[in-house]
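Asks: Hey, can you work out the whole structure from these sequences and the hints?
Sequence order for the protein chains is A and B. For reference, each letter of the first sequence is one residue, going 1 to 506 in our numbering. For reference, each letter of the second sequence is one residue, going 1 to 506 in our numbering.
Everything labelled a hint here was simulated from the structure, so no lab data went into it. Any given hint could be a false lead.
Since the list gives no way to pick out one identical chain from another, each pair is judged satisfied if it fits inside one copy or across any two copies.
Straight-line C-alpha distance at most 20 Å; calculated DMTMM-like pairs for lysine to aspartate or glutamate [to be verified]:
#1 LYS392 / GLU54
#2 LYS426 / ASP38
#3 LYS336 / ASP247
#4 LYS342 / ASP255
Owing to the predicted nature of the structure, the values given are computational and were not obtained by experimental measurement.
Number of protein chains: 2
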Amino acid sequence: MNSINPAAWRAFAAAIGKDQVMITEEDRNAYADHFAADESKHEPAGALAPASAEEVREIVRIANQYRVPLWPISRGKNFGYGGSAPVTRGAVVLDLSRMKKIEVDAATGTVLVEPGVGFFDLYDHLQSKGIPLWLSVPGNSWGSVAGNALDRGVGYTSYGDHASRICGLEVVLPDGDLVRTGMGAMDGSPNWTLYRNGFGPGWDTMFCQSNLGIVTKLGLWLMPEPEAVAGYDYEFDKPEDLGWAIDTLMPLRRDGLIQQSPSIGNWLRSAAVMTTREQWTKDDGPLDDKVVAAIRDRFKIGWWSVQVRFYGHLDVVEASMRVLDRAFDKKPIQSKKPALWKRGDPPEGSPVTGVPVSFPLANANWHGGRGGHVGYSPVLPPSGDLAMDQFKRTYALYQQYGMDYHASFAMGERSLTNVNQILYNKDDPAMMGRVDSMFRALVADASAHRYGEYRTHIDYMDLVADCYDFNDHALRRLNTRVKDALDPNGIIAPGKSGIWPKGKRP
Amino acid sequence: MNSINPAAWRAFAAAIGKDQVMITEEDRNAYADHFAADESKHEPAGALAPASAEEVREIVRIANQYRVPLWPISRGKNFGYGGSAPVTRGAVVLDLSRMKKIEVDAATGTVLVEPGVGFFDLYDHLQSKGIPLWLSVPGNSWGSVAGNALDRGVGYTSYGDHASRICGLEVVLPDGDLVRTGMGAMDGSPNWTLYRNGFGPGWDTMFCQSNLGIVTKLGLWLMPEPEAVAGYDYEFDKPEDLGWAIDTLMPLRRDGLIQQSPSIGNWLRSAAVMTTREQWTKDDGPLDDKVVAAIRDRFKIGWWSVQVRFYGHLDVVEASMRVLDRAFDKKPIQSKKPALWKRGDPPEGSPVTGVPVSFPLANANWHGGRGGHVGYSPVLPPSGDLAMDQFKRTYALYQQYGMDYHASFAMGERSLTNVNQILYNKDDPAMMGRVDSMFRALVADASAHRYGEYRTHIDYMDLVADCYDFNDHALRRLNTRVKDALDPNGIIAPGKSGIWPKGKRP
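Replies: Okay, structure coming up:
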């Protein structure tokens, strides 16, 4: 499975060195999406690992010459959404993980990172230099800081809306041109990572979830180490508690008291990283209520749970806690565990204090066998009633397809992002046979309520993009028009986010 | 001065009604930039006032047919940056001020506005319906809510970075297509004004300071009425106080304690809206220190002054005040006036509590005669030392050109925006003869330090865009490439932000 012109491979090798051109079967397998139901659908032709933006530019020029589709990845850890694999079988993975430069400006709380910089890399860098800036990390922090922000990943602190903290990009355009956005567009500007807008149209968001360019540097704002972090881990006993819990927290989220995005997750979100299904039942069908009760009892977790945290000056954090206490006064919570960290205390070692972790990846082992999962993540209005409806409908579909419901609702400033995982065992053909139709049923259900996914697996990018249908898919026409203008040969990530180049449109 | 094909005028009249096609000399004069040094350079050929997005689409189709350059304005009150006048003489103003629909969602704190909605309109709408949402208004609130946000105007509350509160647009593209961005791209989505990103590339910022489309609806987040607002009006006695004042406030701005952008302005910013120059001196030259002292003494103002405000729950606001007090402990301030508003108190009637005002426009009368001004607004890093340097260099240039220094430094989360006004009397030819060379000297000075303007007058869009020169003006190539793809006939706002269509590039 390698339809790339051999002359192209030779040109790539001449440009970046033979060792950085990977075309063996083992290589191709290394870049497959091992979480996917069918890995072969997305097998790449090989991979290229440039060391610099200049090498990326060279690769792009060669790719244009030989019409080689490239699939840029940062570190390729986009588990649940495709990992490192391309939408189209036979594309060449452009692996940027060797590009690992970090430039921190401690005084302003900003960093300029290359795509290969992982959360652990940046954390270690800050720690080793004693720089008092905190990361916001996703649940599983194996990935790239830049890649995660560009894919609109989220974290747990008040800097958790990573895409909104991007400030300035360096991008190799599909024709090999190199552009810097915002204030970086001024050669030598000290404001590149400080002021977002620049002059004229803003382009940073155009390169999010995008195939319009290859980001080679990304400016990101980091949180100054706060004086204190405080909050609660709340547990809620009943499925119905979701509604009032959201209606209690959302006004405080909207009015700015809560600045992180609390994510209320069900018992399985908590349990799947601590235990496996077979320890509790041998039955294949829907989990018995007694099994759920036993697991919850063992780990002392609610049907739902949420971590709420305040970051800042101790006085302000304490005042915020009083407001939160009043809001939850007389509410029927199952339990709450207070959390308090003060500057000088040892690090908490948790994502809520900006420390990268990878244990949540363990949830792929829930069913045993070769584990995997796929994410279903619609956005809905910030209402407890609508969240309850969404929960009930999604839960019913999980039951119908014989899957274990795994969900969370992350409270954005004005919206809820309902992140669900479909956990599966790839060695169970009966189970795997249900995944695709279940996923399509979920997307159709969301779309019927006019809820769109915020992010999706490479298998479903067209399906999800199709839901964005205003004025007979005007957004697709705009996307396509810009795509054709910037990438006339269609070499960058064909099919990403449902955007296809000329001649390849489904 | 009307080189538009008469058939085009007839077609426009057929599309939107004869009364909405304005082509008399009086009409042309009404849309000129009366603050500009030379109004004739920007005289439009006439104006069109559509009532709906459908009419805008019709106009765009006709403009493409007859190659009529359109200059879209919302309400045209962009004083200091061009008002309602086009960059190119002879363009047709597309006046959207009749489009005044307002759709507020009180529960989520969002609004969808058409471009004709002014700050006073929206304020009155909220007041009349008793909706507890606050505006963030610019110093002079005559303008359009949407137009101001799209031009990256700023206000005084914690929602003062207006562009960052945009959530979803409806845009007529240059070919007449109608697109909705973000979640609006899903027909009938309830999330259009709630979730910013949508799926795939984000386009909202592409339509800021832009000539790539005509925004016909804009989603904006509004601040829920806080429980309390508190803070201080600080006055500082000496020019040198600028440095330490910025270095005292910026860490609190960066760490999130202060969520608005305090703007520290010099004595003339305060005085020019309360008095006129001739009441204090008859001399043309630089103002005597004694005159400055007398004005300051009369109005009890510092050489610099700044308003700092906290918005939110009373407990938190009070805690924030304690942190602020500690930060200013033993600092040599001239005076501080505490401010406290609590829910239920009568409105303060000030921009810091979201009430629109227009008195700051009075600064145009400082010199007497037909007043005007032009804004010079570079962005610099958030450092007291660099601000002092910038102040001294700019002050020296004002002295050299015999102008009265009028400046402020607005503290963004990671940057300073140094907004200066050059106030002038259009009836004073000697003074007017100095403005252009002075402005060019200021831009050159900023550029030498690699500071770019965040916004500029239509006279200077090319000059400012030229400073964004990384990789031989890669940003311009990107802007132009998208411009050509979306607007091949170059009909939308040629020259805006230094972006020119094919065949018209300088």
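Asks: Checking an output row: LYS342 and ASP255, CA cutoff 20 Å. Within, between, both or neither?
Replies: between (25 Å within a copy, 15 Å between copies)
Asks: Give the relationship of LYS426 and ASP38 under a CA distance limit of 20 Å: within one copy only, between copies only, both, or neither.
Replies: Within one copy only: 9 Å inside a chain, 73 Å across chains, cut-off 20 Å.
Asks: With 20 Å as the alpha-carbon cut-off, assign the pair LYS336 and ASP247 to within, between, both or neither.
Replies: Classified as within; 18 Å inside a copy, 40 Å across copies.
Asks: Measure nothing new, just compare the shortest in-copy and cross-copy C-alpha distances for LYS392 and GLU54 to 20 Å and report within, between, both or neither.
Replies: neither (51 Å within a copy, 40 Å between copies)
In the structure shown, a violation is registered for the earlier hint numbered 1 alone.
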